[in-house]
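The residues making up each chain are set out below.
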Amino acid sequence: MKTFIDLFDLDSGKFNEAGLNFALTELFYVWILLLFVSPLALWFFWTSLKRIHSPFRKALLISLRAFTFFLLILILLQPELEFRKSHTLKNRIAILVDSTKSMSIKTFPSEQPRIDFVRQAFEKNQGVLESLSNIFQLDYYSISDQIETISSLGSARRYSPNKTNTDFEAVFSKLKTRYEGKSLQGVMLFTDGADLSIKSDNISSELKTLLTGGDGPIYSFQAGTNHMFKDLAIEEVDAADFGFIHQPVRLTVTIGASNMGNKNIPLVLKDGDAILLSHVLEIRERENRYSVELEFTPNVLGKHIYSLTVPLFAGESVDNNNRIDFQIKVIRDRIRILHLNGRPSWDSRFLREVLANHPKIDLLSFFILRTLDDDVVSPTSELSLIPFPTNLLFNDYLNSFDLVLFQNFSYKPFIDKGYLTNIKNFVENGGAFAMIGGELSFQEGGYAQTDIEEILPVDLGDEPQLFLDESFDLQLEKNQFSHPILQLEKESVANSIAWENMSKLNGINIGLKPRKDANTLAWFIKGRDKYPVLVSWRVGKGRSLIVATDSLWNWNFRQVGVGGSGRYYNRFWNNLINWLIDEPGTRLLKLETHKERYEEGEEVLLRVSVSHSNYNPYAEAKVLLTMKTRSGDMKLTTLKTNENGEASHRFTPVEEGFYTIKAKTGTDKLKLEEKTEFSVFSETAEFQKPRVNETLLKRIAEISGGNYEVLTKQTDFSKVSFKNPKIEIKTSSKLVPLWDNWWVYGLILSSLSLEWFTRRKSGLS
Amino acid sequence: MINLSKLIIGLLLFKVWVATADADYSNLFIPQIKYEGGHSMPYPTAIDSLLGQIERRTSIETNRGLTQIALSYPKLYRYPFIYMAGSRKFEEFSANDIKRLRNYLSYGGFLLIDDNSSGINSKFDISVRKMIEALFPQVPLKKISRDHSIFRSFYLINRVSGRKQVSPYLEGINIKGRTVLVYSANDLGGAWARDKLGQWTYDIVGGGNRQRQLAIRLGVNIVMYALTLDYKKDMVHLPIILERLKRNKLP
Numbered sequence: 001m002k003t004f005i006d007l008f009d010l011d012s013g014k015f016n017e018a019g020l021n022f023a024l025t026e027l028f029y030v031w032i033l034l035l036f037v038s039p040l041a042l043w044f045f046w047t048s049l050k051r052i053h054s055p056f057r058k059a060l061l062i063s064l065r066a067f068t069f070f071l072l073i074l075i076l077l078q079p080e081l082e083f084r085k086s087h088t089l090k091n092r093i094a095i096l097v098d099s100t101k102s103m104s105i106k107t108f109p110s111e112q113p114r115i116d117f118v119r120q121a122f123e124k125n126q127g128v129l130e131s132l133s134n135i136f137q138l139d140y141y142s143i144s145d146q147i148e149t150i151s152s153l154g155s156a157r158r159y160s161p162n163k164t165n166t167d168f169e170a171v172f173s174k175l176k177t178r179y180e181g182k183s184l185q186g187v188m189l190f191t192d193g194a195d196l197s198i199k200s201d202n203i204s205s206e207l208k209t210l211l212t213g214g215d216g217p218i219y220s221f222q223a224g225t226n227h228m229f230k231d232l233a234i235e236e237v238d239a240a241d242f243g244f245i246h247q248p249v250r251l252t253v254t255i256g257a258s259n260m261g262n263k264n265i266p267l268v269l270k271d272g273d274a275i276l277l278s279h280v281l282e283i284r285e286r287e288n289r290y291s292v293e294l295e296f297t298p299n300v301l302g303k304h305i306y307s308l309t310v311p312l313f314a315g316e317s318v319d320n321n322n323r324i325d326f327q328i329k330v331i332r333d334r335i336r337i338l339h340l341n342g343r344p345s346w347d348s349r350f351l352r353e354v355l356a357n358h359p360k361i362d363l364l365s366f367f368i369l370r371t372l373d374d375d376v377v378s379p380t381s382e383l384s385l386i387p388f389p390t391n392l393l394f395n396d397y398l399n400s401f402d403l404v405l406f407q408n409f410s411y412k413p414f415i416d417k418g419y420l421t422n423i424k425n426f427v428e429n430g431g432a433f434a435m436i437g438g439e440l441s442f443q444e445g446g447y448a449q450t451d452i453e454e455i456l457p458v459d460l461g462d463e464p465q466l467f468l469d470e471s472f473d474l475q476l477e478k479n480q481f482s483h484p485i486l487q488l489e490k491e492s493v494a495n496s497i498a499w500e501n502m503s504k505l506n507g508i509n510i511g512l513k514p515r516k517d518a519n520t521l522a523w524f525i526k527g528r529d530k531y532p533v534l535v536s537w538r539v540g541k542g543r544s545l546i547v548a549t550d551s552l553w554n555w556n557f558r559q560v561g562v563g564g565s566g567r568y569y570n571r572f573w574n575n576l577i578n579w580l581i582d583e584p585g586t587r588l589l590k591l592e593t594h595k596e597r598y599e600e601g602e603e604v605l606l607r608v609s610v611s612h613s614n615y616n617p618y619a620e621a622k623v624l625l626t627m628k629t630r631s632g633d634m635k636l637t638t639l640k641t642n643e644n645g646e647a648s649h650r651f652t653p654v655e656e657g658f659y660t661i662k663a664k665t666g667t668d669k670l671k672l673e674e675k676t677e678f679s680v681f682s683e684t685a686e687f688q689k690p691r692v693n694e695t696l697l698k699r700i701a702e703i704s705g706g707n708y709e710v711l712t713k714q715t716d717f718s719k720v721s722f723k724n725p726k727i728e729i730k731t732s733s734k735l736v737p738l739w740d741n742w743w744v745y746g747l748i749l750s751s752l753s754l755e756w757f758t759r760r761k762s763g764l765s
Numbered sequence: 001m002i003n004l005s006k007l008i009i010g011l012l013l014f015k016v017w018v019a020t021a022d023a024d025y026s027n028l029f030i031p032q033i034k035y036e037g038g039h040s041m042p043y044p045t046a047i048d049s050l051l052g053q054i055e056r057r058t059s060i061e062t063n064r065g066l067t068q069i070a071l072s073y074p075k076l077y078r079y080p081f082i083y084m085a086g087s088r089k090f091e092e093f094s095a096n097d098i099k100r101l102r103n104y105l106s107y108g109g110f111l112l113i114d115d116n117s118s119g120i121n122s123k124f125d126i127s128v129r130k131m132i133e134a135l136f137p138q139v140p141l142k143k144i145s146r147d148h149s150i151f152r153s154f155y156l157i158n159r160v161s162g163r164k165q166v167s168p169y170l171e172g173i174n175i176k177g178r179t180v181l182v183y184s185a186n187d188l189g190g191a192w193a194r195d196k197l198g199q200w201t202y203d204i205v206g207g208g209n210r211q212r213q214l215a216i217r218l219g220v221n222i223v224m225y226a227l228t229l230d231y232k233k234d235m236v237h238l239p240i241i242l243e244r245l246k247r248n249k250l251p
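Protein sequences appear in the order of chains G and V. Letter by letter, the first sequence follows residues 1 to 765 of my numbering. Letter by letter, the second sequence follows residues 1 to 251 of my numbering.
These are calculated hints, taken from the structure and not from any lab test. No residue lacks a Cβ here, since even glycine has one placed at the ideal position from N, Cα and C. Be a bit skeptical, because a hint or two may be false.
Claimed, not checked - Derived, one-sided and incomplete: chain G residues facing chain V with beta-carbon distance under 10 angstroms:
| # | residue |
| --- | --- |
| 1 | LEU267 |
| 2 | VAL268 |
| 3 | SER345 |
| 4 | PRO359 |
| 5 | ILE361 |
| 6 | SER365 |
| 7 | PHE366 |
| 8 | THR371 |
| 9 | SER492 |
| 10 | ASN495 |
| 11 | ASP550 |
| 12 | VAL560 |
As the list claims (entries may be wrong) - Taking lysine-lysine pairs in the DSS-like style, the calculated list, with each CA pair at most 25 angstroms apart, reads:
| # | chain 1 | residue 1 | chain 2 | residue 2 |
| --- | --- | --- | --- | --- |
| 13 | V | LYS75 | G | LYS360 |
| 14 | G | LYS675 | G | LYS329 |
| 15 | G | LYS360 | V | LYS176 |
| 16 | G | LYS504 | V | LYS233 |
| 17 | G | LYS360 | G | LYS303 |
Said to hold, decoys possible - Anything over 10 angstroms on all C-beta distances counts as not near chain V; from chain G, calculated:
| # | residue |
| --- | --- |
| 18 | THR177 |
| 19 | THR212 |
| 20 | SER278 |
| 21 | ASN408 |
| 22 | ARG558 |
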């Protein structure tokens with residue numbers, strides 16, 4: 001080879017191979033033509049030599065012509081000599097070692113962690129791996145839901161399982177990307193198979209595609225076994241991130257049980273310390289996995305951290321998978337309003353129209369269409385009237401409403417006095433109540449000295465009061481101007497103008513005295529007398545409000561009559577309802593974090609804002625922040641608000657888990673408390689499915705054409721075999737054309753000249 | 001001089017209107033529409049009589065009395081329910097009045113039109129249809145179906161009647177799901193009207209007292225609908241109403 005390379009005046013050190021290349025493909029059709037034309041031309045040429053009698057000359061001439069044709073074909077073929085330097089590459093084998101936390105789980109009876117089976121196998125087969133590395137390139141990786149290169153065999157032996165999530169689909173997808181265009185001839189997989197993303201033992205179609213699409217087999221080596229593995233685990237809680245208040249929330253819980261025997265175990269769902277439900281699950285020896293459907297109804301808005309627990313039994317292999325915490329944000333899907341009207345009136349008609357047309361309101365209206373004194377002049381069967389379902393409304397379903405509205409409604413004789421107590425309890429436990437005026441409201445409705453009076457923001461007094469039929473302008477209380485109910489426009493000046501242009505009202509319930517801690521938002525001022533018209537306050541956990549007139553519809557229909565619109569009437573009622581149902585934006589103390597999920601070590605930002613009861617900012621308010629975790633309660637800090645009533649606090653949680661932050665402060669004799677919740681994650685999910693998944697490992701091996709084996713002291717890696725096709729790569733090359741030179745053209749010319757000379761000599765032209 | 005006396009009388013009347021309107025503000029009061037030409041108040045006692053029946057039969061509180069107002073009346077929007085009756089051809093409303101009435105109905109008002117002529121295709125009927133076409137050119141006057149809330153807002157009604165049986169149905173205009181105008185051709189006012197002694201002013205043609213009762217019930221239901229809208233279509237009412245409709249073959 002060296003001599004040959006030297007012949008072309010090239011450096012023999014740079015090349016170790018030579019080859020001949022032809023331009024066959026480019027001239028394919030010419031070639032076809034030549035195959036037919038050349039023999040034909042030679043045949044004609046041969047026939048033209050009939051007159052030559054010398055066989056030698058004939059042979060010489062035909063040879064020269066054939067040689068010429070040969071050279072021409074050679075030129076068309078464009079032969080090139082390629083001198084190249086090439087290397088042979090090793091095929092690759094990927095050795096994947098599971099580095100997730102589940103590999104630290106012990107296998108019984110030896111109580112050996114799963115990781116040790118891998119270490120042990122590597123040590124025993126060190127020689128096999130070394131000899132394998134002489135044939136193949138062995139690439140070591142630690143795997144979880146990622147793949148990370150381990151530099152050497154030693155690293156693989158020393159690795160510690162600390163990753164938080166096993167996901168084979170992610171692993172094989174990343175492996176495929178990494179070996180794109182490279183010759184991966186197989187995989188040796190060392191794992192317990194505890195893949196969290198795989199439900200039951202079925203392989204997803206995506207994983208199946210990845211496994212079948214590889215170049216070589218996968219040998220799966222199972223680390224540890226389930227023999228004598230005792231564990232009760234809450235493997236998974238499948239729940240939506242949010243639920244609706246007063247609507248059932250469904251949970252699908254997967255419980256794993258290994259060697260737990262036959263027993264009944266309780267599943268307990270808690271919100272803080274309160275038990276929401278308890279469910280008994282029958283565990284049977286022959287079954288390892290159970291799916292349980294649970295349902296509960298949240299009654300408090302906001303973010304909640306629920307904990308689901310099963311008992312921890314003696315001898316369990318994993319002791320931190322018997323409880324799982326999860327978060328659900330409870331929101332309001334619809335605002336449920338019970339609207340009772342003492343009689344049909346324009347005020348009730350326009351309010352009903354607002355409520356019924358509101359896209360977020362579920363309205364249940366009742367109008368008292370006839371009283372006991374009315375003579376309908378008809379049998380009941382010809383009336384559309386239905387009995388008033390008192391017990392259903394005020395006993396069975398009262399708590400499913402967000403707001404109860406009494407509009408010009410006298411409870412006698414429709415509601416038993418005892419039900420008024422239910423309404424009081426409903427409000428004190430977080431519900432909302434509003435009484436709208438008219439001749440049948442307040443004292444005239446018989447509410448004095450009843451439980452309803454206790455939840456009203458006004459004192460009804462002892463004497464019956466008349467309904468004053470008088471027209472008046474509503475006077476807003478200046479220091480209540482920031483109250484959310486009064487915000488018809490966002491901008492303060494525009495809001496003032498809007499209120500100034502509101503129509504007059506007619507008729508007012510008098511004799512109402514606002515309670516000390518109530519907020520009187522608007523008055524009818526007549527000389528020295530002031531009559532409250534719009535009064536709000538907080539009762540227990542709920543809110544209540546009164547409107548001491550039945551003429552608010554003036555702000556709708558009559559407003560249109562003077563060139564305005566009913567826009568502000570609608571907005572006023574929206575504001576009023578939002579305040580009553582305690583929408584987060586109407587709270588005096590607001591507490592929030594800037595994220596709902598934090599990673600371990602990430603800083604948490606808490607923001608607080610405090611308002612006076614009239615919604616003006618509360619500067620210099622002291623806000624106590626406390627924190628609740630699984631470990632217990634602790635004081636976080638005390639904040640002082642700035643002139644805007646705002647403050648913030650940053651801190652870094654020390655441990656993973658769910659955190660509840662409570663803020664406490666006081667404003668205008670009101671004790672305010674707010675809470676928010678967030679989670680800090682350092683995944684312990686690996687222990688939710690701690691069992692060795694031998695079915696999965698068998699399937700992986702089977703699909704890819706490899707073998708499955710349980711790692712033992714006798715495990716021998718020499719049983720694995722991979723294809724080893726030769727792979728060469730060129731590092732340098734030089735092309736020497738054999739046709740594009742004077743030698744070839746000279747030979748053609750010489751051949752044709754000699755042929756011409758011979759023909760002349762033989763007497764041919 | 002004549003004009004001055006008209007003005008004084010007008011001012012006095014206006015004083016009466018204001019007094020009527022402001023007293024018992026929240027109570028139901030139904031003014032009657034005054035128009036040019038024809039006869040805008042054939043039965044002066046009809047509405048008062050109907051209000052009396054409403055007061056007697058239902059929990060609705062009323063302000064009884066007679067008031068006629070023009071569509072241009074500045075305080076029209078104090079009265080979300082207005083009544084228009086007649087038996088003869090009347091002059092077309094001005095464009096301003098039509099616009100005002102259109103706004104009134106579109107933003108919450110209700111108009112009951114009652115043809116007292118007792119004839120098919122009467123001149124009043126022609127005038128009314130012309131007026132309605134000008135009022136809502138895009139929304140045609142349509143028959144009110146029998147499952148409309150008007151027929152179940154208080155009484156369960158399956159027959160439309162009045163002093164005479166001219167048309168077996170009511171017609172109406174719907175705007176955004178609300179019936180804002182109801183037109184009866186059966187002379188409802190004739191069935192409602194009473195004399196000073198409380199006796200029925202006009203005899204019923206055809207059906208006797210039962211027919212009169214049905215006309216009163218229809219009046220009550222129309223008013224009840226204006227005040228409660230589709231309340232009787234709320235799910236809570238449906239089972240009982242449907243059961244009663246099914247069980248009783250109502251007149």
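Going down the list of hints, with the structure as the test:
Hint on LEU267/G is violated. Least Cβ distance to chain V is approximately 37 angstroms, over the 10 angstroms limit. Because the smallest distance between the Cβ of VAL268/G and any Cβ of chain V comes to about 38 angstroms, over 10 angstroms, the interface hint for this residue is violated. Satisfaction of the interface hint for SER345/G is found here, the shortest Cβ-Cβ separation to chain V being roughly 5 angstroms, below the 10 angstroms cut-off. The closest approach between the C-beta of PRO359/G and any C-beta of chain V is roughly 14 angstroms, which is over the 10 angstroms cut-off, so the hint fails.
Interface hint at ILE361/G: violated, since its Cβ lies 13 angstroms from the closest Cβ of chain V, which is beyond the 10 angstroms cut-off. Interface hint status for SER365/G: upheld, as the beta-carbon distance to the closest one in chain V is roughly 6 angstroms, under 10 angstroms. Because the beta carbon of PHE366/G sits about 8 angstroms from the nearest beta carbon in chain V, less than 10 angstroms, this interface hint is met. Taking 10 angstroms as the C-beta cut-off, the interface hint given for THR371/G holds, the closest approach to chain V being about 5 angstroms.
Taken as an interface hint, SER492/G does not check out: its beta carbon lies about 29 angstroms from the nearest beta carbon of chain V, beyond 10 angstroms. A cut of 10 angstroms between beta carbons decides the hint on ASN495/G: the least distance to chain V is about 23 angstroms, and the hint is violated. The restraint placing ASP550/G at the interface with chain V holds, with a minimum CB-CB distance near 5 angstroms, inside the 10 angstroms limit. The closest approach between the C-beta of VAL560/G and any C-beta of chain V is roughly 4 angstroms, which is under the 10 angstroms cut-off, so the hint is satisfied.
Our distance criterion of 25 angstroms between C-alpha atoms is broken by LYS75/V and LYS360/G, whose separation comes to about 34 angstroms. Taking the CA atoms of LYS675/G and LYS329/G, the gap is about 13 angstroms. The hint holds against a cut of 25 angstroms. Restraint check for LYS360/G and LYS176/V: satisfied, since their Cα atoms lie roughly 18 angstroms apart, inside the 25 angstroms limit. Taking the CA atoms of LYS504/G and LYS233/V, the gap is about 33 angstroms. The hint is violated against a cut of 25 angstroms.
With a C-alpha separation of about 21 angstroms, the suggested pair LYS360/G and LYS303/G falls inside the 25 angstroms cut-off, and the hint holds. Its beta-carbon lying about 57 angstroms from the closest one in chain V, THR177/G satisfies the requirement of being farther than 10 angstroms from that chain. THR212/G, annotated as away from the interface, keeps every beta carbon of chain V farther than 10 angstroms; the closest lies near 56 angstroms. Against the 10 angstroms criterion, SER278/G stays outside the reach of chain V, whose nearest CB is about 35 angstroms from its own CB.
Not every Cβ of chain V is farther than 10 angstroms from the Cβ of ASN408/G; the closest lies at roughly 8 angstroms, contradicting the non-interface assignment. In this structure ARG558/G is not separated from chain V by more than 10 angstroms, as the shortest Cβ-Cβ distance comes to only about 5 angstroms.
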